[in-house]
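Quick note on numbering: the sequence shown equals residues 1470 to 1559 in the numbering used here.
What the hints contain is simulated information worked out from the structure, not anything from laboratory work.
For each residue, glycine too, the CB sits at the ideal point set by N, CA and C.
Some hints could be false.
Have a look at the derived ranges for each label pair, beta carbon to beta carbon [stated by the list, open to error]: (1) L1559 x S1526: 21 to 27 Å; (2) R1517 x R1477: 26 to 32 Å; (3) G1484 x M1515: 29 to 35 Å; (4) L1528 x P1555: 35 to 41 Å; (5) S1527 x L1559: 38 to 44 Å; (6) E1523 x L1558: 36 to 42 Å; (7) R1513 x L1558: 17 to 23 Å; (8) N1549 x R1517: 31 to 37 Å; (9) P1480 x N1509: 31 to 37 Å; (10) K1501 x P1480: 14 to 20 Å.
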Amino acid sequence: LIEEHATRLRPIELGRAFGSCEVWVAPGDTEKELSQNNPNIPLRKMERHVKGSEDVSSLEIGLNLEVVTNRGAGFFVERNNDGMVPPHLL
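With these hints in hand, go ahead and build the complete structure from the sequences.
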């Protein structure tokens, strides 16, 4: 769901990557620290398919998104494959 929504919001940047995008998550209430690339906030890669997810009603799913207003690459943070800040950014 997240990948599909992201590719619809950013079709130029993400549309061709549909089906191969990775979703990484941070602990709750860490948005500000993560946006500042705080090395103490680890990211965890989500599995593409999670057992039992097909039993979750679409009524239980919601996204609170910001309107994309820039014309660039969008907001992102750079992390390595372990979800940590790369040494060159510390």
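A quick look at each hint next to the structure:
Here the CB-CB span from L1559 to S1526 is close to 43 Å, at odds with the stated 21 to 27 Å. The hinted window of 26 to 32 Å between R1517 and R1477 is violated, with their beta carbons roughly 18 Å apart. For G1484 and M1515, the hinted distance range of 29 to 35 Å is not satisfied, since their beta carbons lie about 20 Å from each other. At about 40 Å, the CB distance of L1528 to P1555 agrees with the hint of 35 to 41 Å.
For the hinted restraint 38 to 44 Å between S1527 and L1559, the CB-CB distance of approximately 41 Å keeps it satisfied. Distance hint check for E1523 and L1558: the Cβ-Cβ separation is about 38 Å, which falls inside the suggested range of 36 to 42 Å. Roughly 19 Å separates the CB atoms of R1513 and L1558, a value that falls within the hinted 17 to 23 Å. With their beta carbons about 20 Å apart, N1549 and R1517 fall outside the hinted range of 31 to 37 Å.
Take P1480 and N1509: their Cβ atoms lie about 34 Å apart, and the range 31 to 37 Å holds. At about 28 Å, the beta-carbon gap between K1501 and P1480 misses the expected band of 14 to 20 Å.
In this structure, the hints that do not hold are numbers 1, 2, 3, 8, 10, in rising order.
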